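A.B. asks: Sequence:
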Amino acid sequence: MEDLRLKEKTNDELRDRIISLNKKQLTYIKESSFLTIFNYLLTAKERLDKSSKLDNIRSSEELKLIDNYLHQIVDLTSEIVELGIEEISEEKIEQLHEIRENIYDLSSIVEGYNREANYMGMVIDHHTIKKLAEKDYKDVHFSKTSVLELIDYIKMKLDDAKDDYFKYTQIISQVISTLPMRLVKENYYNVVKNSIFRNFRRSTRFEVEKKIRDYKRIFDSSIFDGYGTKFDYYFREIQGIRNMELGHKDQDDLRKLLDKSISLSNELQFLYNLLIELGLSVNMIIVIVLIGEDLNSADIEELYGDWSQLIDNNSEIDGFKEKVKEKIESIEMKMYKDLEIFYSLNREVLERQDFNYGEINEELERTKRILTYYNDTDFIGEEILSLDNENMVTPNFLEQACESLIKYINRSLSGMSNLERKIRMRNLLASIELPFGGIGEFFDYIEYSLDVKVSSKENINFIIAYIYYILDDTQN
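Offset between the sequence shown (1-based) and the numbering used here: plus 96.
Simulated from the structure, these hints should not be mistaken for laboratory data.
Only a predicted model underlies this, so the values are computations on that prediction, with no experimental measurement involved.
Treat the hints with care, as some may be off.
Unchecked claim - Each computed DSS-like pair below joins lysine-lysine, with the alpha-carbon atoms no more than 25 Å apart:
#, residue 1, residue 2
1, Lys464, Lys188
2, Lys464, Lys356
3, Lys281, Lys263
4, Lys146, Lys356
5, Lys289, Lys306
6, Lys263, Lys307
7, Lys146, Lys345
8, Lys234, Lys251
9, Lys231, Lys263
10, Lys553, Lys240
11, Lys518, Lys289
12, Lys119, Lys306
13, Lys227, Lys417
14, Lys240, Lys549
15, Lys312, Lys326
16, Lys549, Lys231
17, Lys160, Lys149
18, Lys149, Lys234
Could you put together the complete structure from these sequences and hints?
C.D. replies: And the structure:
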């Protein structure tokens, strides 16, 4: 990084340099946003036009609506490039936010169906495993030593992964997702609550609200707003599996049903990705509108010309997308380099008691709002996106967040069978980062879950073998 000689700069010089760098960053963000739109819309259009994975809903009103949104976004992008940002009416900008909300609602419903299809797969797996365990492990001896040896093996795997946080947490999650759920509700809620307090005590309200919403969806998406109101085909298919008496099915029938649930999940994931690509394109247009400047880049305008032809004639897009990706990476490198300088300048002005931060605060706040959409790679709802990402949580806020989650879980559990409750409770627990008060508590949980007093020896032997298998697979 260049020698900035910051101590020698006057307050006015620092202010002007910060404003100049901020303006430069916004130009980079604007250019990157245009390029991102090009790639996302090409991919979305190809999905919509060519994929057989949408054949089951090809004639649905929802898919026609998605196609309409795609064309509106494409047309608006072209207008911004060709006519300039000032020529875009306030009405179209308002419509843009409405389109974003509608795409988010559709993506939320599709995500809910996908989660429920996956749950049906877990229920089918449970019945399949029970039959396999009874058949293959009927004559296999069970010993408590096998459980203790498994715990030692898991300890070894965790020790090997102690320098790789992702792998470490993945091992714990995989083990939990395989074990039968044996915690009573009160103990389960204590584990969930204590984990949330530990994991988020230094987080912002934005981060906690987002995570609690995720946990609710993970536990049960079927009571979220909108579930069952769109994409009737997927709702009917999932409910059809849900209403079956799976305990009486043989292994062949269960295999066919599992294949069906996997196929549904694949279609839903494909549709979800399409909606997210459209949603993120809208985010980038909002970014460009908030910046309020025209493109003004010969290189990107040339790419726009190529993009306009590709979006119209469904040509091969991979080469173009790769070229755009390289351009985005080049811009991001410049952004990162200038950000280092920006942070150094910002640290310097914060150390100066006589610096008037109000002179730059308004412009930096505007940039912060722009970055809210630019960095929204998960495409989250406006009500959470609008939360202040600098407001830290308090113990009282975390308490309320936990109570909200627990009430949601209780409401969901009231209409479920015992088996479905256990599967959903287990799945949420496996989704929480490092649940339990410590690693010793985790090992106690394994030992209790694999106690022959609460599970059949056949089932325990099967689970032990399966955990060895998945941990070996993780290692590879």
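A.B. asks: All the hints need checking, so say for each whether the structure fits it.
C.D. replies: Hint by hint, here is what the structure shows:
As the CA atoms of Lys464 and Lys188 are separated by approximately 23 Å, the hinted pair is consistent with the 25 Å bound. Between the alpha carbons of Lys464 and Lys356 the distance comes to roughly 45 Å, so the proposed pair goes past 25 Å and is violated. Annotation: proposed proximity of Lys281 to Lys263 is violated, straight-line Cα distance about 29 Å (limit 25 Å). A C-alpha spacing of about 22 Å is found between Lys146 and Lys356, which places the hinted pair at or below 25 Å, so the restraint holds.
Distance restraint check for Lys289 and Lys306: the Cα-Cα separation of roughly 16 Å lies within the 25 Å cut-off, and the hinted pair is therefore satisfied. Among the hinted pairs, Lys263 with Lys307 is consistent with the structure: their alpha-carbon atoms are about 21 Å apart, no more than 25 Å. Using a Cα cut-off of 25 Å, the hinted pair Lys146 and Lys345 is violated, with the two alpha carbons roughly 37 Å apart. About 29 Å separates the Cα atoms of Lys234 and Lys251, which puts this hinted pair outside 25 Å; it is violated.
Straight-line distance between C-alpha atoms of Lys231 and Lys263 comes to about 33 Å, which puts the hinted pair past the 25 Å bound. Between Lys553 and Lys240 the CA atoms are separated by roughly 10 Å; this keeps the pair inside 25 Å, and the hint holds. With a C-alpha separation of about 18 Å, the suggested pairing of Lys518 with Lys289 holds against the 25 Å cut-off. Between the alpha carbons of Lys119 and Lys306 the distance comes to roughly 30 Å, so the proposed pair goes past 25 Å and is violated.
Proximity of Lys227 to Lys417 is assessed by CA-CA distance (about 48 Å); at most 25 Å being required, the pair is judged violated. Under the criterion of a C-alpha separation no larger than 25 Å, the hint pairing Lys240 with Lys549 is consistent with the structure, at around 11 Å. For the proposed pair Lys312 and Lys326, the alpha carbon gap of about 20 Å is at most 25 Å, so the pair holds. Taking the CA atoms of Lys549 and Lys231, the gap is about 20 Å. The hint holds against a cut of 25 Å.
Restraint check for Lys160 and Lys149: the C-alpha separation of about 15 Å stays at or below 25 Å, so the hint holds. Between Lys149 and Lys234, the direct Cα distance comes to roughly 41 Å. Violation of the 25 Å bound is thereby established for this hinted pair.
Hint violations for this structure: numbers 2, 3, 7, 8, 9, 12, 13 and 18, all remaining hints satisfied.
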